[in-house]
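Asks: Those protein sequences? They're chains C and A, same order as listed. Note that the working numbering has the first sequence beginning at 18, numbered continuously upward. Note that the working numbering has the second sequence beginning at 203, numbered continuously upward.
Since the hints were made in silico from the structure, they are not lab data. Treat the hints with care, since some could be wrong.
Stated by the list, open to error - No more than 35 Å apart at the CA atoms, straight line, and that leaves these computed lysine-lysine pairs for DSBU-like:
| no. | chain 1 | residue 1 | chain 2 | residue 2 |
| --- | --- | --- | --- | --- |
| 1 | A | K255 | C | K900 |
| 2 | C | K530 | A | K204 |
| 3 | A | K356 | C | K154 |
| 4 | C | K899 | A | K605 |
| 5 | C | K901 | C | K768 |
| 6 | A | K297 | A | K553 |
| 7 | C | K907 | C | K713 |
| 8 | C | K899 | C | K690 |
| 9 | A | K426 | C | K445 |
| 10 | C | K628 | A | K334 |
| 11 | A | K204 | C | K534 |
| 12 | C | K951 | A | K334 |
| 13 | C | K398 | C | K530 |
| 14 | C | K919 | C | K901 |
| 15 | A | K469 | C | K45 |
| 16 | A | K334 | C | K154 |
| 17 | A | K334 | A | K490 |
| 18 | C | K951 | A | K267 |
| 19 | A | K255 | A | K297 |
| 20 | A | K255 | C | K154 |
| 21 | A | K605 | C | K907 |
| 22 | C | K1008 | C | K713 |
| 23 | A | K469 | A | K255 |
| 24 | A | K605 | C | K901 |
| 25 | C | K919 | A | K586 |
| 26 | C | K172 | A | K334 |
| 27 | C | K990 | A | K490 |
| 28 | C | K794 | C | K901 |
| 29 | A | K586 | A | K267 |
| 30 | C | K154 | A | K232 |
| 31 | C | K172 | A | K356 |
| 32 | C | K690 | C | K900 |
| 33 | C | K172 | A | K553 |
| 34 | C | K172 | C | K285 |
| 35 | A | K267 | C | K445 |
| 36 | A | K334 | C | K919 |
As the list claims (entries may be wrong) - Not close to chain A: a few residues of chain C, all C-beta gaps over 10 Å, as computed:
| no. | residue |
| --- | --- |
| 37 | I129 |
| 38 | M700 |
| 39 | G797 |
| 40 | K1008 |
We put the beta carbon where it would ideally sit given N, CA and C, even for glycine.
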Amino acid sequence: MSTRLARGGRLINRRKAVTVTFNGRNYKGFEGDTLASALLANDQMLVGRSFKYHRPRGIVASGAEEPNGLVNLGQGGGFEPNARVTTTEVFEGLTAESQNHWPSLEFDVGAINTALSRFLPAGFYYKMFLHPRSFWKHVYEPFIRQSAGLGQAPKARDQDTYEQFNAHVDVLVVGGGLAGLQAALTAGQSGLRVLLIEQSAHWGGRAAVDDPLIDGTPAEFWIKTAVQRLAALPNVRLRTRTMGAGVYDHGYALAHERLTDHAPEAGKPRHRLWRIRAGKIVTATGMIERPLSFAGNDIPGVMLASAVRDYAVDFGVSIGDRTVVVTNNDDAYRTAMVLHQAGLIVPAIIDARVQADGALVRAARDLGIRVETGRAIARVKGGKRVTGVTICAHAGEGSGLEDIACDAVAMSGGWSPVVHLWSHCGGKLIWDEGLAMFRPDATRPPTGADGAGFVFPVGGANGMLRTADVLTDAVAVGASVSGQAAGDVPVAVDSEQGAILPVWLMPQGATLKLRQKMWLDYQNDVKVSDVQLAAREGYESVEHAKRYTTLGMATDQGKLSNINGLAVLSGAINTPIPQVGTTTFRPPYTPISMGAIAGVARGDLFQPVRKTPIHGWHEASGAEFEPVGLWRRPYAFLQGHESAHEAVNREVLNVRRNVGLLDASTLGKLIVKGPDAGRFLDMLYTNVMSTLPVGKCRYGLMCNENGFLIDDGVVVRMAEDTWLCHTTTGGADRIHAHMEDWLQCEWWDWKVYVANVTEQYAQIAVVGPNARKVLEKLDGMDVTKEVLPFMTSADGTLGGIAARVFRISFSGELSYEIAVPASQGRAFWDACLAAGAEFGIQPYGTECLHVLRAEKGFIMIGDETDGTVIPQDLNLGWAISKKKSDYLGKRGQERSHMVDPKRWKLVGLETVDGSVIPDGAYAVGTGTNANGQKNTQGRVTSTYFSPTLGKGIAMGLVERGPERMGEVIPFTKGNGTTVDVRIVDQVFYDKAGAKQDG
Amino acid sequence: MKRYSVFAVAREALRNHMGWERAWRSPAPKVRYDAIIVGAGGHGLATAYYLGKNHGIRNVAILEKGWLGGGNTGRNTTIIRSNYLQDSSAAIYEKARSLYETLSQDLNYNVMFSPRGVMMLAQTQHEIRGYKRTAHANALQGVETEFIGPGRVKELCPIIHIDGPRYPVLGALWQPRGGTARHDAVAWGYARACSDMGMDIIQQCEVTAVHQADGKVTGVSTTKGEIACDRLGIVVAGHSGVLANMAGFRLPIESLCLQALVSEPIKPCMDVVVMANTVHGYMSQSDKGDMVIGGGTDGFNNYTQRGSFHHIEETVRALIETFPMISRLKMLRQWGGIVDMTGDRSPIISKTPLGNTYINCGWGTGGFKAIPGSGWAMADLMAKGEPGPLAEEFSMYRFREGKFIDESVAAGVAH
Ligand SMILES: Cc1cc2nc3c(=O)[nH]c(=O)nc-3n(C[C@H](O)[C@H](O)[C@H](O)COP(=O)(O)OP(=O)(O)OC[C@H]3O[C@@H](n4cnc5c(N)ncnc54)[C@H](O)[C@@H]3O)c2cc1C
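Isolated chain C, as found in the complex (with noise of 0.2 Å):
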């Protein structure tokens, strides 16, 4: 069993007991521990079920490279799937579940899959459920995806708050190990900026497990003194919880800090994201270790032999009474030591080299360990538990020679070095054969913009297994990436280590039988005879292998099975390993929260709100709001009970009888400036702006390259070299790009300047037959039709505010639209109210200004336009001028479909019986079309009821719409009918335009 050993445990504090639930049971821990640490402790082996068969899991590592002890972790808003027990901090009141099972961990009824297992190949449902067709969506399907999905879904709201840091340094070091501590050190010296981060708590790594001598002292200690070092240095930014998570172009890199995961406490941020630029990236990421092939290596109890030794001498927890160790390779020999030096029995250490005199290997037999070379687990016994081991010579097929009594088994199959940083952005991997790793290629690194590489592996993260030569390699690297000259290397003792004998399939010539027990991807139920049948079936290049199989796709994402699995496929196509190569790395290293990849970004300030200066009156008078970009309009301001419906037909009437007060403050506006600023607006607008006299206002029309209209508005000339641009309320920060674009790609040499001024100016419309009224009252300046006649505009005061009038209505009625400065916007509007008290004056709403021009005739720009709309088909020739030779979108305008006879063109639309014709309603035409689908020949743009004449109206695009006046056809209802419609003039009110002036 696994349980505490009476002694030990150098990051657990024994006299500070917590206590967490797993299952509803209570376990008692230390502070220091991790969850898995805890539950080990308490004998609590079995954590999980795999994906497919269901098959008992057990904790095979001790960190990030977990790929089983996966919990449900917390509750409520605090919870969260997927959680991985062997980086999870324990604290008072941690609660987990275990996932993927029913109804219990110990008693799951998917384990059937085991016992179905043969009839559940790699890629079998690619080979089932063809028959009958609707059963996939019905049944197979559901059931699939059931039995698939490992945690639950968070139901309640994520109640916590993650925030997001951009640092900038000189130098980032990827992992607080020997290497990275060295290397930040050496780098520190230089007083660049270097930050140093660690994804566990602590520092050190793994020397701090293993212990060598460097300089002399214990390495732990030599750790403490480097960190202290490093604290000493301003230039120095340190941070433990911290992974490095991807590494992108530029420099750019991405890590996540885990805030308060170990104690979770109110008000404070959870996850913290680093978003970082660094000149250079040191990755000192180590290596990770590989487990072996053999039959039954995904029995609860066999583990990693590094995690055995990482448990017992960091958490002072035994995996096991009686522990066998089966290697490869020199390393795990150190586990066995552990072991028996705390009192724990390893009956034997199997290794399958048939030489094996390294130095660890001589201490272990000195200190009576029996070792057996040559040899191989040919299969663990044992169902939910370990509880034996059946060994065979390495070299044959499998037969059993011995059954060894054990309730552990630990095993390495050598290490590999992380290297998922350095290959994010495109850095290139050799094949070591001698260390049987693939690391770093330093000739061929990520690049950045000056084609020097950007990322430099230091230590294990570079193929390094000896201390020695990762502090050497920390400190050359350390000086190289800060330009100095490399200085002394601290002084490291360790082992000599013997070769390591590369093993992919234990026994070499194991059985099918035996290969079918073989597992790689312990989460996925991915085994050797998966891989060996993807490939028998042609799917031999390696990204081929892993999506037929799923190996490496798992929450892991290969960590521990990739390397195995490709070597495996690499045998079974007979093709080198370096020519199989590696499926391609993705960030992130680990999964990092989508919490903390949103950061402060969510509900309020998902997206600002933009607000005018009178939001807040309107806010408080009843206004119904609809997003129109980022700002909120009122759509209508509802009285007493009023519908949405009857409010918009009130605001309406009441323009036309009375007077109505527009917020128009979202209007875009952009002054245009500078010498050549009348030039570049006649190539922008479709008709004249540089002959427009001072003081004048003209409507003007913008179009793309390819010619469709895309953005309208009224240009105002305030002065010889400078235009206002009114752009609509969507348009603003489009039209301004638009502008720079040509300004700084195409014209770079013309004299303009383009200034938003959107913000700064409170734009209200008074519209109506009493709007010069409401102005007269308001007194200040004159706003005669003599002095200030339709399309001018004036500056001047109106009831004391500094005020800038414009005579230009887009409702037909008397209307001014007037700028004040945003800081008097709110007291304007307040003025115009009172003034306009006694005339009926009323605010109106985006729905209201929809109708009121549409009664008019007037577009729309997102309604009568869509983009593949030029300014012909809305019969706005008259706005484009003939003389001019060129203008943005005048060519695109003579392409042959451009002046097709046959275009849908603007006209009035009317039903015959007077309803409303329905939003997005198409004219059906005669017959079908070679697809078969019902022919067109028009749809309509905009439609609403017209209070004002008491019955529908609409305007729409038409197949030679102008010249069928009169004409009726039918228009979609939407429930598979039609509706009569007329074709009438576009202008449904005062077609005169005698309104206009009062």
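Starting from the known structure of chain C, arrange chain A with the ligand on it as the hints suggest.
Replies: Here is chain A with the ligand on its own, set in the frame of chain C:
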């Protein structure tokens, strides 16, 4: 070839699966083929398949520079829908969708087409009007869609947050027979069927030059030697510009990186596909349980298949607003693919300036759903030398005439 079925699996189980045949052969190239298709993505393989199946042209090679299905076909988010606005789009996407309905049986390979329903959320008044318009258009095009209210949205997808502070859900365009399929299986299923018809799929074989005589194609150079052909089909997505260059013409295409990501797998919680175009993100849950998430393209042209992280941030933010529960999930993996974008965001299936050479590209961010229909139409074009009704409007010359097929009208995100 031995057929796949539950009985075949049972039979093989008894002999430890030692009797399965290769899904596709791995032949050396012949000297000459009637037709060469460049690119063994979904579109290239489907083209070959229908050349054989519909037109009896089977002396065909499909040349792939990497591994088949390894381009965008193997990295997309697998949304299948046909609720497009313009007639010509709706026709080809609906053709594809309806072929997907029976594709597993047709190919004898389970592509896991799952018509679980696709909804596109309307979160502004403008979007409501746009989607209502699409619904009207779809009814005339024979595509089954419906505009549904927020109540129905919530019913179909309980994890959705209907009244978010920024953009409340006002309704949705709902296509009940849209859904997803397993992307790899689509490529593999077509590859197996093509190989079975005697076609040669040649992987690790990059085309490096196109040869011509008298204005007609005569063959290609590849990393596996020279190969002659009567007809050439170029179906290489993000690398279309490169191949067009070899064939001596230019294309109105830009190559951009489109990214996607998945969460760790969780138990089923979402039975439909949801696209939220105002906030720019979409999500579905795979059969494995992970949430499959995507957003928009990078703003600059490139070939790196990596992309910039701030797009991932924007997408995740958008989706946390829409599905607050994902805040406590973790991102497992992110990736990118190079998508081939035309000016009107619609594809090109076309004759080219070079005789007997045809191109199929421009599927951009949304061509997975089109694979069967596109292959069908492209095969028709290659077999007859003239486009049929499905392909006719997608000629590359439409840009010269201004005859765009603009879909951005209806959908900001066109996956
Ligand atoms: C992140 C992402 C998400 C997406 N989501 C969706 C979605 O949800 N729904 C949807 O419908 N679509 C989606 N798409 C789009 C879809 O993936 C593509 O439109 C579609 O897969 C394109 O298929 P293809 O066969 O044309 O291209 P690919 O699959 O890219 O195939 C082209 C092939 O050509 C090969 N090739 C290139 N050059 C050469 C050469 N010189 N010689 C030989 N071979 C060559 C390439 O190696 C590649 O295999 C998405 C795309 C991405 C990147």
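Asks: When the structure is checked against the list of hints, which entries are broken? Sort them ascending.
Replies: 1, 18, 23, 27, 28, 30 and 33
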